[in-house]
Amino acid sequence: MNRIIISILEVAKREVLRMSSRWLYLLAVIIFPLLSILFFGSLFKEGVPAKMPIAIVDLDNTVTSRKIARNIDVTQLSMVSMTLQSESEAMSELRKGTIYGFVVLPKNLQSDILSSKQATVSYYYQNGFLIAGGLMQNDLTLILHTLSSGINIQKREALGQPEDLIMAQVQPIQVSTHQLFNPTASYPVYITTIILPIMLQLFILMMTVYSIGIEIKERTSREWLQLSNKSVVAALTGKLLPYTIIFMIMMMFQNFMLYKVMLIPMNTSLGWLTFSSFLFVIAYQAIGIFCIGLLPLMRHALNLAAFYGILALTLCGFSFPIEAMPPVFRYWASGFPVRHYMHIFQNQILAGFEIQYSILSYLYISFFLLLPLLVLNRLKSALIYQNFIEKPKH
Amino acid sequence: MKYKLVNITSQIKEGFMSMLRIWIREFELIFKDVGVMVIIFAVPLLYPLLYSFIYYPEVVRDLPIAVVDLSNSSASRQFTRNLDATPDLSVVSSTLSMNEAIVLFKEQEVRGIVQIPETFSADIALKRQTTVSAYANMGFFLYYKALMTGTNFVALETGNDIQVTNLMNDGLSFSQAQVTAQPLNLIDNAMANRSGGFASYGIPAALILIIQQTLVLAIGILAGTARERHPMGTLIPFDRKRMGTLRMVLGKTAAYFTIYSLLCVYMLGMIPQWFGYAQSADLKELIALMTPFLLGSVFFGLTLSVIFKNRESAMMLYLFTSIPLLFLSGIIWPLSNFSPVWLTVREIFPSSNAIFGFIKMNSLGASVYETSHEIVALWIQAGVYFITACIAYAYQVTNTEHLRSELKNMPYKLIRERIGRDQSL
Chain S
1 MNRIIISILE VAKREVLRMS SRWLYLLAVI IFPLLSILFF GSLFKEGVPA KMPIAIVDLD
61 NTVTSRKIAR NIDVTQLSMV SMTLQSESEA MSELRKGTIY GFVVLPKNLQ SDILSSKQAT
121 VSYYYQNGFL IAGGLMQNDL TLILHTLSSG INIQKREALG QPEDLIMAQV QPIQVSTHQL
181 FNPTASYPVY ITTIILPIML QLFILMMTVY SIGIEIKERT SREWLQLSNK SVVAALTGKL
241 LPYTIIFMIM MMFQNFMLYK VMLIPMNTSL GWLTFSSFLF VIAYQAIGIF CIGLLPLMRH
301 ALNLAAFYGI LALTLCGFSF PIEAMPPVFR YWASGFPVRH YMHIFQNQIL AGFEIQYSIL
361 SYLYISFFLL LPLLVLNRLK SALIYQNFIE KPKH
Chain Z
395 MKYKLVNITS QIKEGFMSML RIWIREFELI FKDVGVMVII FAVPLLYPLL YSFIYYPEVV
455 RDLPIAVVDL SNSSASRQFT RNLDATPDLS VVSSTLSMNE AIVLFKEQEV RGIVQIPETF
515 SADIALKRQT TVSAYANMGF FLYYKALMTG TNFVALETGN DIQVTNLMND GLSFSQAQVT
575 AQPLNLIDNA MANRSGGFAS YGIPAALILI IQQTLVLAIG ILAGTARERH PMGTLIPFDR
635 KRMGTLRMVL GKTAAYFTIY SLLCVYMLGM IPQWFGYAQS ADLKELIALM TPFLLGSVFF
695 GLTLSVIFKN RESAMMLYLF TSIPLLFLSG IIWPLSNFSP VWLTVREIFP SSNAIFGFIK
755 MNSLGASVYE TSHEIVALWI QAGVYFITAC IAYAYQVTNT EHLRSELKNM PYKLIRERIG
815 RDQSL
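Quick mapping for you: the protein sequence lines, in order, are chains S and Z.
Mapped onto the working numbering, the consecutive letters of the first sequence carry residue numbers 1 to 394.
Mapped onto the working numbering, the consecutive letters of the second sequence carry residue numbers 395 to 819.
This is chain S alone, in the form it adopts within the complex (with noise of 0.2 Å):
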């Protein structure tokens, strides 16, 4: 047993004087890794979009109409950052895309709310943009709501309506969302904390398969079993060693950045939390080996854990509902311990559901430790005979 233990250690030792021979290491374990996290913990720092600019195609030009549009300039969202004569000019200012929306207000807009006669108020914006197009959508519709039932309170008013009744004969249903479990309605919150994990586990992956398939390449890797007494199993742990514990660094700085300086609220223990980090480091790891063992020239491999790593962005299913994708699809993206990860995530850190509701994540994420064992024997023999050496066409 003692002498497994320090067969490990001279690997890991070994591993870390290669890691400090090439930049590369560096670049790709360390550098990239923390300018992930500053980039995604800074982008969305405001947590919701403010002040987008839009325009007001003024048509009326009267006291009414001038009163609507500071209105709308008033909105958090938004912010009217110009006046226009014409629907085309704003139209083509849309299309540069200085604005993300305008409203027309039309002519004889004072006039007909005078006299009782319907306007029409059209409203265009920019939906080709997700958030920015919900988002405007939402605030136009709820301030012109809002504009449209003042003009009716007003007039109810006019005919002497006691005031107590008006409001809810303007508004008689009323919507209060609430939104469980996550109080903050920020963007952070759904989107840094998802990300985060799929950058680091193309990192993980990635290095993964490099470590061990450049020790094929370069025929140093009878020299790597040598040193673990030939014990394969010996020789991977060793090997990623150094990184599995880089990495969980990465991720609890990860987590420190979240929970503690972004204030994401975190309703589950420090120790679930490590756990589960813990346990998607090491599910990395383990689909690294699998890729170099199924495909040990390196260059596949690294193709293959690249096509897989990116494919995570969108199988992981926090931008587009996995429910809502084609079924096959949905056996696909268990194949993705992030995605598993996110249920954790949503289900017991961020929403404090008791661990039965997590459980079966969990238990999908270990079932990923198991692929390795598949690929074991090949692994080892194309360690030992180099057999997956490309040989240089002229």
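Incorrect hints may appear among the rest.
Below, computed lysine-lysine pairings styled on DSSO-like, alpha-carbon distance capped at 27 Å [said to hold, decoys possible]: (1) Lys96(S) - Lys678(Z); (2) Lys13(S) - Lys67(S); (3) Lys230(S) - Lys380(S); (4) Lys45(S) - Lys107(S); (5) Lys67(S) - Lys107(S); (6) Lys13(S) - Lys500(Z); (7) Lys117(S) - Lys500(Z); (8) Lys678(Z) - Lys155(S); (9) Lys13(S) - Lys380(S); (10) Lys521(Z) - Lys260(S).
No lab work stands behind these hints, which were simulated from the structure alone.
Chain S is already provided as a structure; the job is to place chain Z on it using the hints.
What follows is chain Z alone, placed relative to chain S:
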């Protein structure tokens, strides 16, 4: 004078011929390399198909929700039926207890809860305002959006009906009641992506990003491979004929430009056609945008490629940038909310302006004039990266020349020794 002129023409001719040679050689390098072929052909051909199938349903329909009907009256049951009838929502459970609904929510049987108050029908009868509560799942933006869209729509419609009925009871005619209830007739015009479909939103950006990323990656991989295979580890092959910087850069650019022009026909022409994505831009407009983008990406790739000494390095260092680049383009988080630092970083990559310009042209129908900001920025990038690519390659060319002249005077034995030493590094 005349002699000089002849000299120049023959030089141009010679330069052009060796550019052609480099062009053909780059083609050979690409087509002989399975790994690079996968990146240049398989990824641009298959990824758009895969993503289109994944996002095929485009929008979230029939989000499963639970209704907690505390009123249990005919009015509240009608309200529930109206919720179920919206395209956004599907009422899978109607219960009398909130706890029951929460358990369903935890088990992910439902993705949202709507609670109708006990006083619902009494409030309406007594002309009091009533409040319906919607409990949304904030974990998924699209679930939240579907629940709010559906509930708000039903509440507004039902409220409007109640208001009109009340006004008519007060003695107004139907049309008078309508105008009083809705003094402003609001018309919602969603531009670019009318139904808010997810594929129509994400795929155009993905297409442009795939072009840049695979281009830069392939150039980097081939440069690393050239270095690796070369006995002296130089990027420039030891030819008997001198390899000039300009012909080197232009020859390689021509090779990638031709391949990607053809790929653009597939990615920007056929894919949108097959899957019904917006296609407002005509060929001339697309060429105006894509020419500087492709040139800029190739020069960008050539500039960066000189740093790679190994084949795998490019993949290790480029892959992860794809996700941040998608966010940098400004299609997810609005540009008006970017900090100046990230706005500056955004200008480094050709993909940012190309994605924005492509969506403007193809989805909103912007003209070349209206896209001029992006097109000019792309040309500036192409110009700057052309210069940096020339500088980087000039350095490599002089380096190789230097090595060649050094080796010329070296005995064979010494050269062998040197090759052995270089490989051990």
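Hints, one by one, checked against the model:
With a C-alpha separation of about 18 Å, the suggested pairing of Lys96(S) with Lys678(Z) holds against the 27 Å cut-off. Using a Cα cut-off of 27 Å, the hinted pair Lys13(S) and Lys67(S) is violated, with the two alpha carbons roughly 73 Å apart. Simply put, Lys230(S) and Lys380(S) have alpha-carbon atoms about 9 Å apart, close enough for the 27 Å limit, and the pair holds. In summary, the hint linking Lys45(S) to Lys107(S) is not supported, as the alpha carbons are separated by about 41 Å, beyond the 27 Å threshold.
Of the supplied pair hints, the one linking Lys67(S) and Lys107(S) holds, its CA atoms being roughly 15 Å apart against a limit of 27 Å. The suggested pairing of Lys13(S) with Lys500(Z) is violated, with an alpha-carbon distance near 46 Å, which exceeds 27 Å. Distance hint between Lys117(S) and Lys500(Z) is unfulfilled; the C-alpha atoms sit about 50 Å from each other, more than 27 Å. Distance check on the hinted pair: Lys678(Z) and Lys155(S) sit about 54 Å apart at the alpha-carbon level, beyond 27 Å; violated.
With a C-alpha separation of about 21 Å, the suggested pairing of Lys13(S) with Lys380(S) holds against the 27 Å cut-off. The hinted pair formed by Lys521(Z) and Lys260(S) fails the criterion: a straight-line CA distance of about 48 Å is larger than 27 Å.
Hint check: violations occur at hints 2, 4, 6, 7, 8 and 10; the rest are consistent with the structure.
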